[in-house]
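Could you put the whole structure together from the sequences, leaning on the hints where they help?
Chains as they are written, first to last, in my numbering: chain A, 1137 to 1455; chain B, 17 to 461.
Just so you know, the hints here were simulated from the structure itself, not pulled from any lab data.
Glycine included, C-beta positions come from ideal geometry on N, C-alpha and C.
Take these hints with a grain of salt, some might be off.
Unchecked claim - Label pairs and their computed distance ranges (CB to CB):
1) HIS77/B <-> LEU1182/A: 40 to 46 angstroms
2) LEU1254/A <-> GLN288/B: 39 to 45 angstroms
3) MET1274/A <-> ASP459/B: 51 to 57 angstroms
4) ASN58/B <-> LEU1182/A: 47 to 53 angstroms
5) HIS77/B <-> ILE1214/A: 47 to 53 angstroms
Stated by the list, open to error - Short, incomplete list of chain A residues facing chain B, as computed with Cβ under 7 angstroms:
6) SER1308
7) GLY1402
8) LYS1421
Stated by the list, open to error - A short, non-exhaustive set of chain A residues, derived as facing chain B with CB atoms under 8 angstroms:
9) ASN1204
10) GLN1289
11) SER1309
12) GLY1314
13) VAL1316
14) PRO1403
15) GLY1404
16) GLU1420
17) GLU1423
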Amino acid sequence: MIGIENTSALANRAANKAALRRTRRVTGLSDRAIVWLFIAPTMLLLLAINIFPLIWAIRLSFTGLMANLPNPARFIGIDNYTDILTDEDVWEHFQATAHFVFSTIALQVLIGLGLALLINQKFRGHSFWTTVILLPMMLSPAVVGNFWTLLFQPQIGPFNYFIGFFTGAAPSSFTMIGSVDLAPWTIVMVNTWMWTPYVMLICLAGLRSIPDYIYEAAEVDRASALRQFWSITLPMVTPFLMLAVLFQAIQSFEMFDMVNLLTSGGPGSTTELVSITLKRAAFEKWETGYASALAVILFVTVFGAANVYVKVLNKVKQQ
Amino acid sequence: MVKMLPIAGLVAASVVAAAPFSAAHADGKSLTMCWAAWDPANALVELDKDFTKQTGIEMKHEFVPWTSYADHFINLLNSRSAECDLIIGDSQWIGGAAENKWYVKLNDFFDKNKISMDSFLPATVVGYAEWPKNTPNYWGLPAMADAVGWTYRKDWFAKPELRAEFKAKYNRELEPPKTWDELLEVSKFFTGKEIDGKKVYGSYIFTERGSEGITMGVTNAMYNYGFDYMDAKGEYRMTGIVNSDGAAKGMDVYKELFNCCQPQGLTNAYMQEGLDAFKSGEVAMQMNWYAFFPGLAKDPNVGGDKIGFFKNPAGPTGQFTQLGGQGLSVVAASKDVDDALLYVKWFAQPDVQQKWTDLGGASASKAVLLSDAYKASAPYAPSFVESMGIVKDFWAEPLYVPLLLDMQNRVHDYVVANKGTSKQALDSLVKDWIKVFKQEGKDPS
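If you want it as structure tokens, here you go:
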């Protein structure tokens, strides 16, 4: 028994010595080296999965590479960029994307803020309704695209029957996703349905962050409800709203799956968003160089716009 | 490695020539056959059981839905994957497959095994086996003959009150249309009628945008109004041919048919939507591939005496129809090229070709298709045989995908989305195609 205790003590001493040696080695590192030691893995990962592909895509954008052919990448200068920026079809797709992004955001902000104001009130079943409203954003965009396709089916889809019930129009007399006039609004409607709850959540966080005493002071000053909304609620929720707009603008700009399943960009190219054009060029036509150039243009557009927006957002926050 | 493939093919051909169809030597061996997931693929599974019985080589099958068929298998072939030993590949792939050496060239193998391309319908040999086209360079064996045809509701056409009304209106009998003008008339006549208590539409046509649908549909009108892919004299000269006045007129006719008589909502619809519309009694006539007609002929609701078939109607400049179907090829990257060639040899036998058709496939063998027995075997058979004699096919260039997607976009934009005029759409298409051919290193000027 004594023998075992002695052995254990010896082992502990040896372990302590080893730990001391390690500590000495580590203490030999400068603060800067320790900083690099900690951030190096993240930096390497970032370089491997973000920066390297970006640089590679920029390089490919100056070539005529087609990934499905064994031919090597041939340098063609800025031809891909010239082709894209002078192509009327691409500009139409940018217009379709802009229509989608602006309409979606406008509706999401209006409805999202309205819902947040309602949900912020204390009423019976408040938690239940909050959960119900949040349901759409919990679904996969692919699922949403598929089931709305069925809902919009003119012969059997309930949506046309619903509209027909209120307007008197025959359900099979119109088509939402097959009509040139209605299809752009249809994708806006479905995206709004899906992502408004997200905007509502952010607005709700903003509303809950406003201290009660501000409203109490306003009431003491006999400010009307409308006056309180314009002078207290809206200014204090605006930074949150702007954040929601930023997130949703980026999300809508890169929207692909839901719209692709719903309309495939049709009828014609009425609802072909730039993300769909990009996917077609890259993985259907296999025009890798051209697709890389389009991806770079999209990146610069989104990155530039987001940077400007963040600066404005910071100014608003300071105010 | 690629340069060695023809030699490997030759060696394999010699081995196969000497090998009997015996099970004794093939224990534990297997081959993977790749194709699309549809009715004829089920017939192939049945047929392949005979091959396994005779050779002992187990047949595995990889069938993928049509929507991902091209993407999936072209990616496999391009990456030199050995996942498929045999592939029933689309007719459009043949150019890329030959030039990129995805398939084993079969000329020497055919010579050694006395497999003659003369025993197959000429259009299927050009469409499914040859590259360059119209030259004796074979990369496949015609396997599944197919073309676009039409079905109609025979029982509706036979209704006395409808026949009388049609006669009074058009001063002729209500019969399956023989021209595109007649097709328009009959379609308009049926559209909006209430038959069996249901409002019906005149005709269903292909409108799908994402893959190949609307192109496979619109060409059936355009060919017959003067459209062609290039000038027969000048290689790849398309200006004035692709965008001729006749071609534009053909596109207009297709658009008119879409506007007047297509069921509401079918603006992005292909094979399955057509089958659904016809089976549910929504349309009087349906454009679709003959491959589906055996199933429709037996359908309990619309088959039997209720269904009739006719070939694609003629236009002012001729009568053609769109070629479908596929050829059987040996994948160059396969690790069992000799066994795969053994399968091709077995499949080419006349009795196997006959059984293939009996089971629900569609042989391209003259001995099978041109026999009186075949023509009498099914109500669609006579028009199918006639259709296979008037087929034309889309480009089969290595870069056929961008060519196809360009046409999809231009046609869908005009026909479904009312963008511009047919002439503008075809002018833009010529520009698109010239750009693609230049990428391929060909001079379309």
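Status of the hints after comparison with the structure:
1. Between HIS77/B and LEU1182/A, the C-beta spacing of about 44 angstroms keeps the proposed range 40 to 46 angstroms intact.
2. Taking 39 to 45 angstroms as the suggested C-beta distance range, the pair LEU1254/A and GLN288/B conforms, at roughly 44 angstroms.
3. Checked against the given bound of 51 to 57 angstroms, the beta carbons of MET1274/A and ASP459/B, roughly 56 angstroms apart, stay inside it.
4. For ASN58/B and LEU1182/A, the Cβ-Cβ distance of about 50 angstroms falls inside the hinted range of 47 to 53 angstroms, so the restraint holds.
5. Range check, HIS77/B to ILE1214/A: Cβ separation about 48 angstroms, and the 47 to 53 angstroms hint holds.
6. Checking SER1308/A against chain B: minimum C-beta separation of about 5 angstroms stays under 7 angstroms; hint holds.
7. Below 7 angstroms, beta-carbon pairs count as interface contacts, and GLY1402/A has one with chain B at about 5 angstroms; its hint therefore holds.
8. About 4 angstroms separates the beta-carbon of LYS1421/A from the nearest beta-carbon of chain B, less than 7 angstroms, and the hint is met.
9. Among the interface hints, the one on ASN1204/A holds; its C-beta lies about 5 angstroms from the nearest C-beta in chain B, closer than the 8 angstroms criterion.
10. The criterion of a C-beta within 8 angstroms of any C-beta in chain B is met by GLN1289/A, whose closest approach is roughly 6 angstroms, and the hint holds.
11. A distance limit of 8 angstroms between C-beta atoms decides the matter here; for SER1309/A the minimum to chain B is near 7 angstroms, and the interface restraint holds.
12. Contact between GLY1314/A and chain B, as hinted, is supported at the beta carbon level, the nearest pair being about 3 angstroms apart and thus within 8 angstroms.
13. Taking 8 angstroms as the C-beta cut-off, the interface hint given for VAL1316/A holds, the closest approach to chain B being about 5 angstroms.
14. Residue-level restraint check for PRO1403/A holds (minimum Cβ-Cβ distance to chain B is 4 angstroms; threshold 8 angstroms).
15. Restraint check, GLY1404/A versus chain B: the minimum CB separation of about 2 angstroms is within 8 angstroms; hint holds.
16. Given hint, GLU1420/A at the interface with chain B, holds; its Cβ is 6 angstroms from that chain's nearest Cβ, closer than 8 angstroms.
17. The interface hint given for GLU1423/A holds, since its Cβ lies 7 angstroms from the closest Cβ of chain B, which is under the 8 angstroms cut-off.
Comparing the model with each numbered hint stated earlier shows that all of them hold.
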